[in-house]
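Got chain A; can you put chain B with the ligands on it based on the hints?
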Amino acid sequence: MITLQDIGKTYAPGTKQEVKALKDISLKIEKGEIFGVIGLSGAGKSTLIRMINFLEIPTTGTVEVDGVILNSLAPRELRNMRRKIGMIFQSFNLLSSATVADNIAFPLRLEKKLSESEIKERVQYLLGLVGLEEKANMYPAQLSGGQKQRVGIARALAGDPKVLLCDEATSALDPKTTSSILELLLDLRQKLNLTIVIITHQMEVIKECCDRVAVIDGGVITEMGRTIDVFTNPQKELTRRLVSAVIHQELPELLAHTEIVKEYHEGAKAVIELLFLGPKADAPVIVDVAKECQVSISLLSGNIDHIQKEPFGHMIVEVAGSKEEIKKAIVEFERRVHKVEVLGYDERKQLSEF
Amino acid sequence: MSESSFLNFDFFNNFSRMSGLLWDGTLETLYMVFFASAVSIIFGVPLGVILLVTSKGYFWESPNFYRILGTIVNALRSVPFIILMVAIIPFTKFLVGSSIGTTAAIVPLTVGTIPFLGRLVETSLRTVPTGLIEAATSMGASPWQIVRRVLIPEAMPELIQNFTITVILLIGYSAMAGTIGGGGLGDLAIRYGYMRFRADMMISTVIILIVMVQVVQFIGDLLSRHFDHR
Ligand SMILES: Nc1ncnc2c1ncn2[C@@H]1O[C@H](COP(=O)(O)OP(=O)(O)O)[C@@H](O)[C@H]1O
Ligand SMILES: [Mg+2]
Numbered sequence: 127m128i129t130l131q132d133i134g135k136t137y138a139p140g141t142k143q144e145v146k147a148l149k150d151i152s153l154k155i156e157k158g159e160i161f162g163v164i165g166l167s168g169a170g171k172s173t174l175i176r177m178i179n180f181l182e183i184p185t186t187g188t189v190e191v192d193g194v195i196l197n198s199l200a201p202r203e204l205r206n207m208r209r210k211i212g213m214i215f216q217s218f219n220l221l222s223s224a225t226v227a228d229n230i231a232f233p234l235r236l237e238k239k240l241s242e243s244e245i246k247e248r249v250q251y252l253l254g255l256v257g258l259e260e261k262a263n264m265y266p267a268q269l270s271g272g273q274k275q276r277v278g279i280a281r282a283l284a285g286d287p288k289v290l291l292c293d294e295a296t297s298a299l300d301p302k303t304t305s306s307i308l309e310l311l312l313d314l315r316q317k318l319n320l321t322i323v324i325i326t327h328q329m330e331v332i333k334e335c336c337d338r339v340a341v342i343d344g345g346v347i348t349e350m351g352r353t354i355d356v357f358t359n360p361q362k363e364l365t366r367r368l369v370s371a372v373i374h375q376e377l378p379e380l381l382a383h384t385e386i387v388k389e390y391h392e393g394a395k396a397v398i399e400l401l402f403l404g405p406k407a408d409a410p411v412i413v414d415v416a417k418e419c420q421v422s423i424s425l426l427s428g429n430i431d432h433i434q435k436e437p438f439g440h441m442i443v444e445v446a447g448s449k450e451e452i453k454k455a456i457v458e459f460e461r462r463v464h465k466v467e468v469l470g471y472d473e474r475k476q477l478s479e480f
Numbered sequence: 366m367s368e369s370s371f372l373n374f375d376f377f378n379n380f381s382r383m384s385g386l387l388w389d390g391t392l393e394t395l396y397m398v399f400f401a402s403a404v405s406i407i408f409g410v411p412l413g414v415i416l417l418v419t420s421k422g423y424f425w426e427s428p429n430f431y432r433i434l435g436t437i438v439n440a441l442r443s444v445p446f447i448i449l450m451v452a453i454i455p456f457t458k459f460l461v462g463s464s465i466g467t468t469a470a471i472v473p474l475t476v477g478t479i480p481f482l483g484r485l486v487e488t489s490l491r492t493v494p495t496g497l498i499e500a501a502t503s504m505g506a507s508p509w510q511i512v513r514r515v516l517i518p519e520a521m522p523e524l525i526q527n528f529t530i531t532v533i534l535l536i537g538y539s540a541m542a543g544t545i546g547g548g549g550l551g552d553l554a555i556r557y558g559y560m561r562f563r564a565d566m567m568i569s570t571v572i573i574l575i576v577m578v579q580v581v582q583f584i585g586d587l588l589s590r591h592f593d594h595r
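Chains as they are written, first to last, in the working numbering: chain A, 127 to 480; chain B, 366 to 595.
I should point out that these hints are in silico values taken from the structure, not numbers from a laboratory.
Treat the hints with care, since some could be wrong.
Below, computed lysine-lysine pairings styled on DSBU-like, alpha-carbon distance capped at 30 Å [said to hold, decoys possible]:
id, chain 1, residue 1, chain 2, residue 2
1, A, LYS417, A, LYS465
2, A, LYS362, A, LYS154
3, A, LYS154, A, LYS246
4, B, LYS421, A, LYS146
5, A, LYS417, A, LYS362
6, B, LYS421, A, LYS142
7, A, LYS149, B, LYS421
8, A, LYS246, A, LYS317
9, A, LYS453, A, LYS435
10, B, LYS421, A, LYS210
Chain A is nowhere near these chain B residues, computed Cβ spacing over 12 Å in every case [to be verified]:
id, residue
11, ILE437
12, SER443
13, ILE454
14, ILE568
15, ASP586
Here are some, though not all, of the chain B residues that point toward chain A, as calculated from beta-carbon distances under 10 Å [to be verified]:
id, residue
16, ASP389
17, PRO494
18, GLY496
19, ILE498
20, ALA501
C-beta atoms are modelled at their ideal positions from N, C-alpha and C, and glycine is treated no differently.
Bound-form chain A, shown alone:
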C-alpha cells in the first residue's frame, strides 16, 4: 500500500544549519496493516510520516502510495492524491472558528464534489463513526482532548481515504483517553479496511495496536519487525530501553543488594527470566517444572501484559538445586515458555530463612 524507497531528507542543505533528518529509509507497509514508527524526540518520525503525503518532499528516493508515485505528480494531482490519505495530529489542528460539523465537512467542501445535503448526510455518518453525534454544533474549544481527536479522525476520514497517518495523535492525551482512541483506530481499520501508520514516542501505543513496528534513531531505521518479536526479542540498546519502559524488565527489588555472578557455584541459585506468549501465558509452568525437576522455585517478579490483545507474561524466578537439577529445569522451561534467559547466579538468602 505504501512503499518508501531509499528516502533521504536533508533540511537546509549546504548551510550551517544542515540537518540530515532521514537517511536511506526503505520500507513497505501492507494494505490493512497498522504500522508503527517509534523513536525519541528529534529522531525524524514526523519527517518520515510527512513523506507519505508529501507534506515534506524527500531529498532523495521515491514514495509510492496505492500504486501512485507521488514524486511524479503535478500540484493539482498531488492535492487530489492527498484526499486519499487522511492525517491526524498531536495538536488536533481543528478550526477554532468552525463547529464540529463544519470541521468534519471541511475537506468535503474543499473538494466541491458533494452537494450541501450530501455533505450533511456524510457528516452525520462520520459523527456516528467516532461517537460524537451529540456534539455536532459545538465548537472545538468546548470539547475534551479525546473528543477533539475524534473530530480530527472524522475529518481525516471524511473523504473516504485508504490510508490514515497519525502523527503523535495520542501524545497530548491521558492514558485512558489514549486507549479509547487506539480502540477506535482498531475498530475503524476493521470497518473501513484502512491502512494506518502511527508514529509515536510512546511504546504503549505500539504495544496496544501495531502489527509491525520500526524503530527510528538519528534518521535511520535501526530495527523493524512484528511488534511481538520486537518486544520479546529487542536487538538494539535503544529498542531495549523503549521496550523496558512499558514492560518492566529490570531486576526486582529483592535482588538489588545481591551480587549476581555469571557462573554456577556450590549453593548458588539461578536467576532466570521467563517470557510467556499467547495462549500458553497462563499455563501452570512454575509448578510443573518444580515437580518435574525436584527444584524449589521462588517467584521474584512477574506480570502478564498484552501486546495487541495477545497475552504476554514476564517473570523472574529463582531456582534452587544442584547444578544438574538447575540445568534440567532450564530445559523444561524452554519447552514450555517463549523465551528463557539465565540472568546469573546468586547466593541471596530468602527472607523466610531469617
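Using the frame of chain A, we list chain B with the ligands on its own:
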C-alpha cells in the same frame, strides 16, 4: 446670515446655523471614513495576505519579494500623513480630477492606511497556528483555499480588531485632511474653532469625533467577540 449675527449672539440663529454646519461636517466625515475604510480593507487585506504567504515558512515563501514589498510598506508608513497628503496631490488629481473636497481626500486617506492595515493583517494572520495550514494542506487544500477557508476565518477576531483600529485612525486622519480642504469636522474645527476663535464649534467637533470613535470601538469589540470561539 451675516457675520454680525455671530457678534450679536443671536443664540437661536447661531445654534441652528452651527448645528447645520456640524451635521454637514459629520456626514462628510462619515462619508470619507466609510469609503476610505472600505478601500483600505479591499487593498489592505490582500496586501497583508501577500506579505504573510511570501514570508519565511509559508507556502509562497520568497525572501526577496517579501523584503522588497516589506520595505515599500515600511517606507509608506513612515511618511507623516500630513506630508503624504500634500505629496500625492498630483496622484489624487489624476485619480479624481481634483485635489480638493471630500472625495479627493479619500485618496490620501487610503494611501496612508493601506500599508498600515497591510501590516496589521499580516500580523493577524500570523496568529493562526501553522498546524492548521498543514492540516488543510494534508486534506488537499489549494493555497487560495487555505487563505479563504483557514487563515481569514481563523484570524477573524484579530482582523476585526485591526479594522477597528484602522477606522479609528481614519477618523483622525480625516479630520487632518479637513485642514487642506477635505471638508468634514476637521475643516469646521480649523475654520471656525481655530481661525475664528469659536470655542463652542471646536468643542462640538471634538465631542462628535469622540462619540464616533467610541461607537466604532464598541461595534468592533462586539463583532470581534462574536467571531471568537477559542
Ligand atoms: N522544517 C525543518 N527545518 C529544519 N530542520 C528540521 C525541520 N523539521 C525537522 N527538522 C529537524 O529534523 C530532525 C527530525 O525532526 P522530526 O522529524 O520533527 O523529529 P521527531 O518527529 O521524531 O521528533 C530534527 O533534528 C529537527 O530539528
Ligand atoms: Mg514529531
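These are the hints, each one checked on the structure:
This hinted pair checks out: LYS417(A) and LYS465(A) have alpha carbons roughly 20 Å apart, not beyond 30 Å. About 21 Å separates the Cα atoms of LYS362(A) and LYS154(A), which keeps this hinted pair within 30 Å; it holds. With a C-alpha separation of about 37 Å, the suggested pairing of LYS154(A) with LYS246(A) is violated against the 30 Å cut-off. For the given pair, LYS421(B) sits about 21 Å from LYS146(A) by alpha-carbon distance, which is consistent with the 30 Å threshold.
Distance hint between LYS417(A) and LYS362(A) is unfulfilled; the C-alpha atoms sit about 37 Å from each other, more than 30 Å. Distance restraint check for LYS421(B) and LYS142(A): the Cα-Cα separation of roughly 18 Å lies within the 30 Å cut-off, and the hinted pair is therefore satisfied. Of the supplied pair hints, the one linking LYS149(A) and LYS421(B) holds, its CA atoms being roughly 26 Å apart against a limit of 30 Å. A threshold of 30 Å between alpha carbons decides the hint, and for LYS246(A) with LYS317(A) the separation of about 21 Å falls inside it, so the pair holds.
Among the hinted pairs, LYS453(A) with LYS435(A) is inconsistent with the structure: their alpha-carbon atoms are about 33 Å apart, more than 30 Å. Annotation: proposed proximity of LYS421(B) to LYS210(A) holds, straight-line Cα distance about 29 Å (limit 30 Å). The beta carbon of ILE437(B) is kept farther than 12 Å from every beta carbon of chain A, the shortest such distance being approximately 28 Å. Look at SER443(B): its CB is around 33 Å from the nearest CB on chain A, clear of 12 Å, so calling it non-interface holds up.
The Cβ of ILE454(B) lies farther than 12 Å from every Cβ of chain A, with a closest approach of about 43 Å, so its non-interface assignment holds. No beta-carbon of chain A comes within 12 Å of the beta-carbon of ILE568(B); the shortest separation is about 43 Å. The Cβ of ASP586(B) lies farther than 12 Å from every Cβ of chain A, with a closest approach of about 17 Å, so its non-interface assignment holds. For ASP389(B), the shortest C-beta to C-beta distance to chain A is roughly 41 Å, which exceeds 10 Å, and the interface hint is violated.
A least Cβ separation of about 7 Å between PRO494(B) and chain A falls short of the 10 Å threshold, and the interface hint therefore holds. This hint holds: GLY496(B) has a C-beta 4 Å from the nearest C-beta of chain A, less than the 10 Å allowed. Taking 10 Å as the C-beta cut-off, the interface hint given for ILE498(B) holds, the closest approach to chain A being about 9 Å. Residue-level restraint check for ALA501(B) holds (minimum Cβ-Cβ distance to chain A is 8 Å; threshold 10 Å).
Comparing the model with each earlier hint shows violations of hints 3, 5, 9 and 16; every other hint is respected.
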